[in-house]
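Visitor: Chains as they are written, first to last, in the numbering used here: chain A, 3 to 333; chain B, 3 to 333; chain C, 3 to 333; chain D, 3 to 333.
Just so you know, these hints were derived from the structure itself, not from any lab.
There could be a bad hint or two in this list.
As the list makes no split between identical chains, a pair holds if one copy fits it or if it spans any two.
[What the hints assert, rightly or not] Below, computed lysine-lysine pairings styled on DSSO-like, alpha-carbon distance capped at 30 Å:
#	residue 1	residue 2
1	Lys103	Lys158
2	Lys103	Lys290
3	Lys199	Lys181
4	Lys78	Lys258
If you're wondering where the values come from, they're calculated on a predicted model, not measured in any experiment.
Protein chains: 4
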Amino acid sequence: MLGGTGYTGGELIRLLTAHPEIDSFKASSRSKAGELISDSHPNLKCLLDQRFIEYESSAVDADVVFCCLPHKASMKVLEPLIESGHRVIDLSADFRFEDEKIYRENYASHACPMLLGEAVYGLPELYREEIRKTSLVANPGCYATAAILALLPLMKQRGLDLTRIVVDAKSGTSGAGAKPNVFLNSSETAANLKPYKVTGHRHQPEIDHILSRLNPDVSVNFTPTLAPFTRGIQETIHIFGEPIGDPRKAYEDHYKNECFVRVVSDSFISNVVHSNFCDIAVFYDEGKRRLVTVSCIDNLIKGAAGQAIQNMNLMLGFKESKGLMQIPYHP
Amino acid sequence: MLGGTGYTGGELIRLLTAHPEIDSFKASSRSKAGELISDSHPNLKCLLDQRFIEYESSAVDADVVFCCLPHKASMKVLEPLIESGHRVIDLSADFRFEDEKIYRENYASHACPMLLGEAVYGLPELYREEIRKTSLVANPGCYATAAILALLPLMKQRGLDLTRIVVDAKSGTSGAGAKPNVFLNSSETAANLKPYKVTGHRHQPEIDHILSRLNPDVSVNFTPTLAPFTRGIQETIHIFGEPIGDPRKAYEDHYKNECFVRVVSDSFISNVVHSNFCDIAVFYDEGKRRLVTVSCIDNLIKGAAGQAIQNMNLMLGFKESKGLMQIPYHP
Amino acid sequence: MLGGTGYTGGELIRLLTAHPEIDSFKASSRSKAGELISDSHPNLKCLLDQRFIEYESSAVDADVVFCCLPHKASMKVLEPLIESGHRVIDLSADFRFEDEKIYRENYASHACPMLLGEAVYGLPELYREEIRKTSLVANPGCYATAAILALLPLMKQRGLDLTRIVVDAKSGTSGAGAKPNVFLNSSETAANLKPYKVTGHRHQPEIDHILSRLNPDVSVNFTPTLAPFTRGIQETIHIFGEPIGDPRKAYEDHYKNECFVRVVSDSFISNVVHSNFCDIAVFYDEGKRRLVTVSCIDNLIKGAAGQAIQNMNLMLGFKESKGLMQIPYHP
Amino acid sequence: MLGGTGYTGGELIRLLTAHPEIDSFKASSRSKAGELISDSHPNLKCLLDQRFIEYESSAVDADVVFCCLPHKASMKVLEPLIESGHRVIDLSADFRFEDEKIYRENYASHACPMLLGEAVYGLPELYREEIRKTSLVANPGCYATAAILALLPLMKQRGLDLTRIVVDAKSGTSGAGAKPNVFLNSSETAANLKPYKVTGHRHQPEIDHILSRLNPDVSVNFTPTLAPFTRGIQETIHIFGEPIGDPRKAYEDHYKNECFVRVVSDSFISNVVHSNFCDIAVFYDEGKRRLVTVSCIDNLIKGAAGQAIQNMNLMLGFKESKGLMQIPYHP
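Next up, chain A with everything else stripped away, as it sits in the complex:
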């Protein structure tokens, strides 16, 4: 795997270390090559004796390559690997849009647009069969995962106004990464709520892009807020209109065969963090004709590294839940 010093990389290393089907893996780091992985991730002390390696594309010899590099860096490093036939799971946004225009408007011009058509959006609940067969998975963004899972069962619902969906998202600080800055300084985040990119966050077009494949009416209005804890995303989603039938039943039916999506009465951060589960609660206000769904995930697991492992399991023919059945905690 590429880029193991960040929080997503660390989580992937934790999951790979404990995965029963994985014999060995290597993790690279530009800044920490040669250092013990457990110096960067002290949760692994005494459990993993490996060091970060220097990345050399020619030396890659793995069933799957995970890439945890930042947006823009990722595509440059991955292009030769993909072209030489490696199977790749990229956790950046670089391959999430088959339309280069959307990528360009939200990130930058793309280094290898010809590869965009090959990538599969790595949400198993939507593209399970495609993931099994592809050699390039674009792992979804954390906010996008929670939102898309919470909206999928409504894509064919009549009576709802999908053109004015409000997604009010709250995220723990680990979603902003391991690199320190003033915004993330603990004295600035403790006992606080900080909306940021109130309009124009880049996961908004990602959600629109994926869901409009299913229903061209979809338009989400996304606002994220930084919340004072480390892990977890909660999205409260407001949809106007009058659904036909019992909406909770629609969710239960849609997800009845999914092992990581739970339709619940209360979707709280505490019930999903440290696990790969997504909990979704559904409410309907008859008087106001408003449907509300609340969706929670662990941003680093179902929102990043856990979903990447889920995709790896599919690509390599393992049981989809292998290495991912960690039960969340109470309290």
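We have chain A; now place chains B, C and D onto it with these hints.
Guide: Chains B, C and D only, in chain A's frame:
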């Protein structure tokens, strides 16, 4: 004042203790009469040597009576006081609706509906002159305060769809009161977000009721979430449509003479807690035609006891900000 | 198992649900018999479909009985089970002292003192072989586990004054249990530190009792403080004197074969919570002749349910770490 | 004042803004000269319209100069000011030791050692009269303030072993400053406890230095731990021996005329933060012959900027508590 053991009562005692125009006050408590106030509110140790008294209506002799009793208890105790000519500031919901029907649908049947017409809704930024003259102030709910202040400047705006306003509210735990229960147990709230009364919270009709006096189209869709800190409310408010002119300018104009409402770039919990300020930030997404306002207050101060003092200042002819200019803290 | 609605009981249920050698288990509850276990522990939603049962001693048919009842209740329920030959792991304090006098002074008079001599103190790092053979394990207290593990390697060290050990302990709120009270109300614990039982906490004699078996000089001075997070205990232990040799080396040697004790550079809460590990860091101040050890555990896992599973594994001949190798998280 | 962008500087600006005897002040910043102060400290939005100025020693014209620069930078800038007769309150460690050797061993060699003898250690509870007369106050360290206040009443107590005092300190993150780094990143501090400088912290010699003036036996053993909240220091102090008389009474007598030291039953962070108070609780364990005192302050107020204002009040002949009587909050 009546009912001094809760968090709102304690905050009122703190503000009265420090208020430069207040010579003396008495605080009653049914359960703690005779005990030191500072045993219930240890922040006051060595600063206030008073004890809670037993409440006797006949003995009330005060320029203003504050009532911090719960809904339903409040009106029963206040009825004789109001009728005997005392000036009263009630912090419960009992006198917030002039229409008894709304109260009945959301709380209970009213004990003294004939008094409803006399009460003034105690939001100085809206009813300053009425508050000066009345003898019965219904102090607004905490969520309602933050929402109404954030929406007031839009009531005459054209181009906005006021029929589908989404108010996504987050509150610290002190809003739920001092009485312990499982939902508020610290192990259940730490590092967590817990939506509750996702539809049907009783502050929704309060906001609708007050704002529809200004614009009959208004209909808010309110969802609160319990957040892991003690003080503060943040409301992210989503309004669809295309406002005429610069919306931030509209807010600045509307509030240019208000001492407790600040129109800011970023409205964070940390910048208002421990003070009577309300911070409002305004954003507009041209692409999606969505206006977003973020409104923050300290739920126990501007959302309860501080606003009650602000109302007292108006009623007694003091400077409106007297005893309330505590600057918030950083960090 | 007996008593499954509390936090320790819930943690035990989580561990049993995921344990690869456990085919089935039953959990009783006096107050919630007949209800879904996952209604009390919503982390288990969709993962465990069982209900709490009513406890009947005659119906007990299990390889091991876990008891999560409170002190005093535990011994009364367990006496007939033990006498009829069941193997029991008791998580209360009722069987931790072979000397009835210590129990009486700190808890109450004992209901079945004749059984005290049969119980083994369930700290595998000290009594592994005895645990394998016994039918009654007294699972250690959470604070005692962290303290004893941090002091064991010093019991034969010369040069230290073991008569004046200071154990300054900090605990998350889950150690105080699931039952709500004012002290644990989230508004009272957030952003706070609250020392309690500053002198005379009942884990002090437990630590003294166990360690004085190894060195009669030992006398610990214990003070706990409630800290603002859910899980984790950290104990900073100050010992005066001049140790012979490198003290960190002594710890590494002592624990080199233990799978759950890690001798580390920094012992932080975050590196052990959600796991069965105990992290110990060792420092020596030459100038002041003071040795400091910092010991961290998850109070509900290594400090309670995880250690109980560790004991069960020993009693039933499973690998000691079976079902307990969950890697902690970063961040 | 010099250096206004950090947390201590910001707190001083907040206190000066609200101080009834202060007509005007200026705040300098090397990095932010010309910018609005309220851009760095958004709590001051709409309340303070000033900008940071560039510092020029020749232009200083103030009754008192506060210096919030870091250790080592402070003395260099202050030397010419002091020599030209300005009255100075320095919040760094540069003038806290009259013995240059201690400064050198713990910080660096001193730039103007001849000035060390002129400085008064700015703890009003100990050096009130000296502070009134001096033109150079060395404002105490935050940890030192809490520890010295908690130990002062014991300096003449017989029966206690003052050579082995353990000071186990816990501090919120604001004590580590506003400059971001990995150790302070919110994902690394939330729900965590991180001991640091377990031996050898520089406030240890400061406490020893001041207290040994009163009793040459004193030797403290100091260990600090970073705790997951923004403001507040709590020190649990363990002293062996048998005090003569009631120790709590000794504290009450010692502090009976002090307005900012409160002898209380429970010394909790929550009861002092956002105020200039120091709360001290006293416990004695007869069985173990251990005295425990728990001391709490707000590290940025009584531990820094508030104490500096208290010193200014003394130097300028104002009432000592002027501008500092903000009551703490509950909850």
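Visitor: Please go over all the hints and tell whether each is borne out by the structure.
Guide: Quick rundown of the hints versus the structure:
1. In this homomeric assembly, Lys103 and Lys158 come within 30 Å of each other (Cα to Cα) only inside a single copy, at 27 Å, whereas the closest approach across copies is 39 Å.
2. For the homomeric pair Lys103 and Lys290, the shortest alpha-carbon distance between copies (18 Å) is at most 30 Å, but the shortest distance inside one copy (38 Å) is not.
3. Taking the shortest alpha-carbon separations for Lys199 and Lys181, both the intra-copy value of 19 Å and the inter-copy value of 23 Å come in at or below 30 Å.
4. In the homo-oligomer, the alpha carbons of Lys78 and Lys258 never lie at most 30 Å apart, since the shortest distance is 40 Å inside one protomer and 45 Å across protomers.
Going through the hint list in order, the structure does not satisfy hint 4, though it satisfies all others.
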